[in-house]
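*Asks:* Each chain is listed here by its residues.
2 protein chains.
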Amino acid sequence: MSLDPARMQSMANAIRALSMDAVQTANSGHPGMPMGMADVATVLWSDYLKFDPAAPQWADRDRFILSAGHGSMLIYSLLHLSGYAAPTIEDIKNFRQIGSPCAGHPENFLLDGVECTTGPLGQGLAMGVGMAMAERHLNATFGDDLVDHKTWVIAGDGCLMEGINHEAIGLAGHHKLGRLNVLWDDNAITIDGGTDLSTSEDIKARFEATGWHVTTCDGHDFADIARAMDEAVAAERPSLIACKTVIGKGAPNKQGTSATHGAPLGPDEIAAARAELGWTHDPFIVPGDVKSDWALTGDAGRSASREWQARLDASEHKAELERRMAGILPDGDAFADYMASLIDEPQKVATRKASEMALNVINQALPDTIGGSADLTGSNNTKAGGIEAFTAENYAGRYLYWGIREFGMAAAMNGMALHGGVIPYGGTFLVFTDYARGAIRLSALQQQRVIYVMTHDSIGLGEDGPTHQPIEHLASLRAMPNVLVMRPADTVETAECWKIALEQSDRPSILALSRQGLPQMRLEASDSVLSGRGGYRLKSAEAERKVVLIATGSEVHLAAECAVELEAQGIGADVVSMVCTELFDEQDAAYREDIIPGGALKVSIEAGTTFGWERYTGLKGLNIGLDRFGASAPAGDLFAKFGFTAEAIVPQIVSKIQE
Amino acid sequence: MSLDPARMQSMANAIRALSMDAVQTANSGHPGMPMGMADVATVLWSDYLKFDPAAPQWADRDRFILSAGHGSMLIYSLLHLSGYAAPTIEDIKNFRQIGSPCAGHPENFLLDGVECTTGPLGQGLAMGVGMAMAERHLNATFGDDLVDHKTWVIAGDGCLMEGINHEAIGLAGHHKLGRLNVLWDDNAITIDGGTDLSTSEDIKARFEATGWHVTTCDGHDFADIARAMDEAVAAERPSLIACKTVIGKGAPNKQGTSATHGAPLGPDEIAAARAELGWTHDPFIVPGDVKSDWALTGDAGRSASREWQARLDASEHKAELERRMAGILPDGDAFADYMASLIDEPQKVATRKASEMALNVINQALPDTIGGSADLTGSNNTKAGGIEAFTAENYAGRYLYWGIREFGMAAAMNGMALHGGVIPYGGTFLVFTDYARGAIRLSALQQQRVIYVMTHDSIGLGEDGPTHQPIEHLASLRAMPNVLVMRPADTVETAECWKIALEQSDRPSILALSRQGLPQMRLEASDSVLSGRGGYRLKSAEAERKVVLIATGSEVHLAAECAVELEAQGIGADVVSMVCTELFDEQDAAYREDIIPGGALKVSIEAGTTFGWERYTGLKGLNIGLDRFGASAPAGDLFAKFGFTAEAIVPQIVSKIQE
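Protein chains in written order, with this note's numbering: chain A, 359 to 1017; chain B, 359 to 1017.
There's no promise every hint is true.
Just some of the chain B residues that point at chain A, by a computed CB distance under 10 Å [unchecked claim]: (1) Cys517; (2) Ile522; (3) Asn523; (4) Asp560; (5) Lys562; (6) Arg564; (7) Ala662; (8) Thr791; (9) Ile798; (10) Thr825; (11) Ala833; (12) Gln862; (13) Gly928; (14) Ala991.
Stretch by stretch, here's where chain A covers chain B in the computed footprint (C-beta under 8 Å, at least three residues) [claimed, not checked]: (15) 384-393; (16) 981-988; (17) 993-1002.
A short list of chain B residues far from chain A (calculated; beta carbon distances all over 10 Å) [said to hold, decoys possible]: (18) Asp588; (19) Tyr753; (20) Pro877; (21) Val887; (22) Gly976.
Derived from the structure by calculation, the hints contain no laboratory data.
Glycine residues also receive a C-beta, built at the ideal position from the N, C-alpha and C atoms.
Taking the hints into account, I'd like the entire structure generated from these sequences.
*Replies:* Written out as structure tokens, the structure is:
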């Protein structure tokens, strides 16, 4: 240790005081966790974590994740005390108030040094796994001189009860992520009471069974904490340090109980804690000597950051590493030749296959991509462009066999995107977005470029039946803020959607792709990316326009068939391909009114729930969809059974027009 | 074993033949798993599983769950061969075809003997945990004579990689569910290839760490399988039997590889398998001697079922057990006095508190309920009516400390409901339906009465911030088929919603409840359950009606405030409380038109996404909502910031009317 225990103790007590006072002032929050882990965090920050408060975006910094995000005052205290520009003491005084970057749970978009948004338990740990994978991949690409850092995670009992932790630690063990160290706040307390209310698990044995190095420390003994961290740093496997702590440590009457977990301690207990800790200072006052000691914690990182910058400046990789960490795509349009080839030779393929074709181009042109599938590689068509597998023996690989771990995959992709330097994509069946939904939401909230390759996007998957057939999924994902849900109709739109997804630097995209073959609808070259407007007119009415057919993905060709029959009856019908409602909603009113004009009957056609389509069709439109679960049968039989044929749809339209 | 190995082998080979032939005929499906586990299943069915093919709903039968649901031909073969009325051989010939009960994945609503719908991996195992919990609870209630059965689960590698398995086995170990036995199809193969592509875990050690008894067997050695099952039956802890198997066993060129996992073997390999197995019969032909041996498997169960029926007929518990297993509520209206008391003394409380008040009545009147929370007992207000904790020492308890396991809780509740005899409810924050969503969907698909108590249902939860504030959740759940999403506005509506939820014998309900206090809006007694119509007129326009305000939950009182201000300006405004859009949509057109009439301006007010509200407001209505993520601050500040005040809303309405 760099400092003697008494000085360390004062540093840790500064965290305790800030935490209990901030929670009390806010009259809400979680003092127990920061007070319990204050000693461990002080050791980590003082002697292990590589960081430079003046360069919080330094590419080779260690990543620190507070997976137990409810203990947010811990990270706010650490960032403030160690000299980050924010949060200021005023920010901390405004903990949980409107406009303060010190939100109830840490938000990556509010503060430098908050590497990811946490609070939904278990996901911080899983994002840490993704960060550690990205680190090893970039290390293999750029070398030890430029990429060589660790990932540190503080996880609580809740993080380790959530199912996602099983998926995450399985990945970490399998990939031998030795630079990942998890500090488990082993306080045996949850909100409801003792952990023995709900679990009897030997967590350490479980981690060992999963390929982890495991050690234990007294979380209130600085030397013992340091000993355990030394062990963890030395281990070649990922490490779990079980830090035996007392929740709310320092609050003499409440510590060790769930009373400290999620509520202010109250004035009396805070006064008692001040006495117990020997902390004589007023709320939000940190004395100079403690401030000075905290200021020292960034010194080693500041030097390391300067030395790293010198190495980078001298490196042949400088421009490329900077480009990748900035998330900027290379110049040029790698798709140009491919798009031209599609126009020259139209293809009838499933859009999942079209996605593979696009990925062949992308993965060869763009070294940033790192892709995979949750054990559906051959179905999701995600392995393309000749990329090799990412393994413990070959971290340079860019293809990930995620295993049957949809949630873990999605969360790890968030971690990769947050780490920077890579653009992750991953596949499963669209219906299993349900398993990954918690992480998809964090892709959106954290504003990360994560690309979800979700195939088998309707009853068109056929025989696997209702458990595998998405019905409500497109609607449920469209309802989520800051996600692009794109459902391309053919090869050309699929390529356009990939282009759009790659260009979204601040939001995730979901590509909903068909299992079944679809005819190419786009047969003429276009100067612009038509899908980029969200919805566009694929075909104009020939007779007087009375109908606008609005369809997506595999139903666009069906809409076109309906249009042919309507025109044959003298009913003019536009066909609109609504690739992405979110992008369409972002267009100006004139464009939207042009594409979906008043007057005409609006008909939505999508092999999923009709929920939400009234936004485009109004109360007097027609919504062709499926508001029940599917069934097991060949796709053609299902489309017929559920009325997705021109024969079933056209009469409804004609009848509606005559109303 | 009751039969000699040669006869057992023929029985097992009958499964193999039916499975490979059915998959081939369907030209899709998964032959590898049924062929690999045929021997294990034959032993289980012959000598361990307690079942009566003639009484598939026998309350005290063992429950058998094929958690690896893609291997559906295994269970179809077993049910057919052992003499269940269905599936017939014709049904099996029509595997995966429209109208056949032999769907791609097993569906509980299509076949007796399919205890639950499986396919979404890991959930079968978790439902098995719920069934085993229900069994112990009913055993504690009704005694060994009437309730004493086991739960058997076949799980694959995928089930054990999914995070939910961690949550499920943690519950089983903690609750010492010794009657739960999991047969792990340990074939080391997934769709993408060997399990070593994605995992390095010591699964047996992990189960041991979680409080399980673990044993291993050669899954192709009948005596060894029986030895392991004997051990499992004897163990007081839940048991994992690692059955070392060869996937696709019997297909000489493809067995042991992922080629057998999810595709037909092809005619050549099927011919080779016939030779390898010595199975000389045509497809779908089972010879008489093998049929006879299979017919014997139900004998023990038939006797046991008759004896059980005699015990039941003689038991004082007969009527009550039959009522509970039939899922019929007791006569009488337990709520009458409570409802009257609310009218007498209106209360301003959060609807989560109102839910607790309703539960006080319910849990005292209805012994069927078994409730809990995923470690948010004090926040979800789910512990009510004096119920005790369900623990390994007190299975009679009716309160479940689920731990931080939302997905595991929801899936286990499905298992409980499917088992019958109990009505499960469970709580977490509404936002964490994302974690449980895969299981909520299976509540709906399986048509089960599971009640989700989802509190903190909007930005009204305040300081915890965007990770904890649902935005898209109400819409995303409304989009799901066969679920009631109910958002009551006050104490009276909350009680009504509980009443409605309890009465839904074939679908789940989600109660979305506020953290914050809400005034009681319903001040007059009503003869009918007004919420039962989904939406109803809470207040009629006084001036000429120009506006219909449609609000839910915590925004109903806001709508009423807006109405007051509008009326003050001479603008007549109805207020509709839209408690449950699904129920409203089920009303006849005249009722719906009466409540939401043409002509008037329709305004939706809900503190969540506006997505979906155009169904009620049309294109020319006004949708007051929140189409972005929330923020961390006190609730009042957030409602003001995001425009949920009469001052912010009324001018928009006035302006819209003047358009």
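*Asks:* What are the numbers of the hints the structure violates, in ascending order?
*Replies:* Those not satisfied are hints 7, 12, 13, 22.
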